[in-house]
Amino acid sequence: MELGAVVVIPTGEQSATNASRGGPSLPVASRTARPLCSPRTPILGNDALQLWMDRIRKIGVGDLWLAPESEGSRSLGSRIADLTRQGVERLLLIKLKAYAEMDLVDLLRFHCEKRSPVTDAQDDRGPLGVRVLNRSALDAAANFGPSMCALDEHLTNRYQFRGYTKRLLSSQERQDLVRDALTGSCAMRPAGRQAGDQVWIADDVILDESVRMIGPAYIGPRTIVRFGATIGPFTSIERDCVVGHGTTVNRSSVLPSTELAPGLLIQQSIVDGSCLEHLEWQTVVDLAPAGLSRRISQTTFSGRAFRAKPKPSDSHTFAFNAVISSKQPSPQSWVRVQL
Amino acid sequence: MTASDIQVFALPPASAHARRRMLRKHLFGLLRSSGSPIILDLSGREGLNHDDIDFLLDCAARLGGRDVRLLVVAGSDSNRVLLEVTRIASVLPVFNSIADALDDPKRLARQPAQTAQTALQNESPLPRSA
Numbered sequence: 001m002e003l004g005a006v007v008v009i010p011t012g013e014q015s016a017t018n019a020s021r022g023g024p025s026l027p028v029a030s031r032t033a034r035p036l037c038s039p040r041t042p043i044l045g046n047d048a049l050q051l052w053m054d055r056i057r058k059i060g061v062g063d064l065w066l067a068p069e070s071e072g073s074r075s076l077g078s079r080i081a082d083l084t085r086q087g088v089e090r091l092l093l094i095k096l097k098a099y100a101e102m103d104l105v106d107l108l109r110f111h112c113e114k115r116s117p118v119t120d121a122q123d124d125r126g127p128l129g130v131r132v133l134n135r136s137a138l139d140a141a142a143n144f145g146p147s148m149c150a151l152d153e154h155l156t157n158r159y160q161f162r163g164y165t166k167r168l169l170s171s172q173e174r175q176d177l178v179r180d181a182l183t184g185s186c187a188m189r190p191a192g193r194q195a196g197d198q199v200w201i202a203d204d205v206i207l208d209e210s211v212r213m214i215g216p217a218y219i220g221p222r223t224i225v226r227f228g229a230t231i232g233p234f235t236s237i238e239r240d241c242v243v244g245h246g247t248t249v250n251r252s253s254v255l256p257s258t259e260l261a262p263g264l265l266i267q268q269s270i271v272d273g274s275c276l277e278h279l280e281w282q283t284v285v286d287l288a289p290a291g292l293s294r295r296i297s298q299t300t301f302s303g304r305a306f307r308a309k310p311k312p313s314d315s316h317t318f319a320f321n322a323v324i325s326s327k328q329p330s331p332q333s334w335v336r337v338q339l
Numbered sequence: 001m002t003a004s005d006i007q008v009f010a011l012p013p014a015s016a017h018a019r020r021r022m023l024r025k026h027l028f029g030l031l032r033s034s035g036s037p038i039i040l041d042l043s044g045r046e047g048l049n050h051d052d053i054d055f056l057l058d059c060a061a062r063l064g065g066r067d068v069r070l071l072v073v074a075g076s077d078s079n080r081v082l083l084e085v086t087r088i089a090s091v092l093p094v095f096n097s098i099a100d101a102l103d104d105p106k107r108l109a110r111q112p113a114q115t116a117q118t119a120l121q122n123e124s125p126l127p128r129s130a
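Top to bottom, those sequences are chains A and B.
Per our numbering, the first sequence starts with residue 1, numbered consecutively.
Per our numbering, the second sequence starts with residue 1, numbered consecutively.
Hints are computed from structural coordinates only; laboratory data are not their basis.
From a predicted model like this one, the values you see are computed outputs, not experimental measurements.
Any given hint could turn out to be false.
Some chain A residues well away from chain B (every beta-carbon gap over 10 Å; in silico) [what the hints assert, rightly or not]:
#	residue
1	59
2	87
3	115
4	184
Computed Cβ-Cβ distance ranges for the label pairs, DEER-style [what the hints assert, rightly or not]:
#	chain 1	residue 1	chain 2	residue 2	range
5	A	183	B	36	47 to 57 Å
6	B	18	A	127	55 to 65 Å
7	B	35	A	164	19 to 29 Å
8	A	193	B	57	30 to 40 Å
9	B	58	A	183	33 to 43 Å
10	A	194	B	35	49 to 59 Å
11	A	124	B	61	46 to 56 Å
12	B	46	A	75	35 to 45 Å
13	A	280	B	57	22 to 32 Å
14	B	103	A	103	47 to 57 Å
Where a beta carbon is used, it is the ideal one built from N, C-alpha and C, also for glycine.
With the hints as constraints, model all of the structure from the sequences given.
Below, the structure written as C-alpha cells:
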C-alpha cells in the first residue's frame, strides 16, 4: 500500500494570521512590519521543514510534495486526486506549523489499528497539523479538499501525542524552543560547532576578540559580532547578521539578515530586520525610524562578501539544502522533492 | 517638596523644530540649575525617531551625576521598548504615565542617579508646561 506525503507550507500572511489566533493580538507599531515568525525561519540554524523531511524519510517515503497553503481547497483536492491516480493509498499530510518530536511510525501504526479514514495528531493544546488520510478519505478530499474531511468528526480519530511540541508560528514558543534546544531539553541541537560551554558557533562567523559570549548561545553562519558586544544567555543570532559595537543581546533571537546598531540592549525579544517583538510586553515595534536595526542583503566585511564554504563531509547536507531552497513552492505550484 | 516644584514637559514632534529648540534650551537650562524633578512626557508620541532618541540621550548626558531627577513617561509599550533598547531606561527612570511617576516613590527611590526624595506622595496632579 503506497504511502505519499505532502507538506503544506503556510505563506507569510497566513502565518501572521495564525500566530495571532494563538494568543493575544499584538499592537503593531508599523504597517511595514512583516510577520516575525514564519515556519521556515531557521531555529539555531535548523530548518523545521528539513527536520520533518528527515522524519518522513525514516518511514520509507521516497519523495514528497511541498504545497503552498495559499492554494484553495478545490485545487488541493485536484492535486490529491492526481496522487490517488498515481497509486497513493495513504497520505501523510503535514501542515508546517509545529515542531513535534513525533514518531511517525507510531502514528501510522495507530492509524492502521483504528481503521478510521482520517487520523489527526494533537497534543494537549489541539491539532499539530499532522494528519493521515486513507483511500476513502483521499477520495472525499479529491472532491472537497482535505479540510472537508476534517469537518466530518466521526471519520476522524485523534492521535494524542505526549512528546515535545512547540508551535512555530508563536514567537514565545519559538523562543522557548531556542532555550530548550540550547540547554538540551529537546532533541533539536544548534547547527554549529560547540566552541565552549553551551556556546555554538557556525562557519564563517567573525567574532571580535572582545565579544563576551555567555552560554547557552548560538551564532549562525556568516554573522559578524563587533567590538564589545555581549551575546547570551539563551540567545540565538541566526545567519548573515551584524551585531553592532557594544550591543547586548540576551534571551532573544535575531533572525537572518538583520543588522543591529551599536550600543543597543535587546532582551526577551525577537528581531527581524527593522521589526522587534518584545515577548514580555507583547509589543511589536518598528526600529527603522530610530535607525536602530535594518534588513541587510548579505554580510560584508572589508567590502568583500562572505559565503559559506561547505566542508567535504557536509557535501550531502549542502546539496540537499540547495535542492530545498531552489524548490520553494511558488504561490501557485506544488514541488516534488526526492528524499 | 510640593507639586509646584515638579515640571512636566511634553516632547514635541521632531517636525516642530522651533518648539523642539525652545524645549531643548529651556530643559538643558533647568537640568543645569534646578534641583527639582523634571518629567518628560512622551505620551503624545506614537513612536520615537532618531532625533527623539538623540534628544533623550543628550538629556541623560547633561545630568552628569547631578542631583536633578529627570523622569521619562513612555506613554505606550512601544515607546517603552524603544527606551529599553536604546538603554535610556537604564539611565533614566521610565514610567507608563505621569500618575505612575508621581504615585510610586519607592520605584523612584530605586532609580539610579537620584537623591532619596519621597515627598512626592499625596501631591495633586500637576499642570503641564512645555
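### Message
Hint compliance check: list the failing hint numbers for this structure, sorted ascending.
### Response
7
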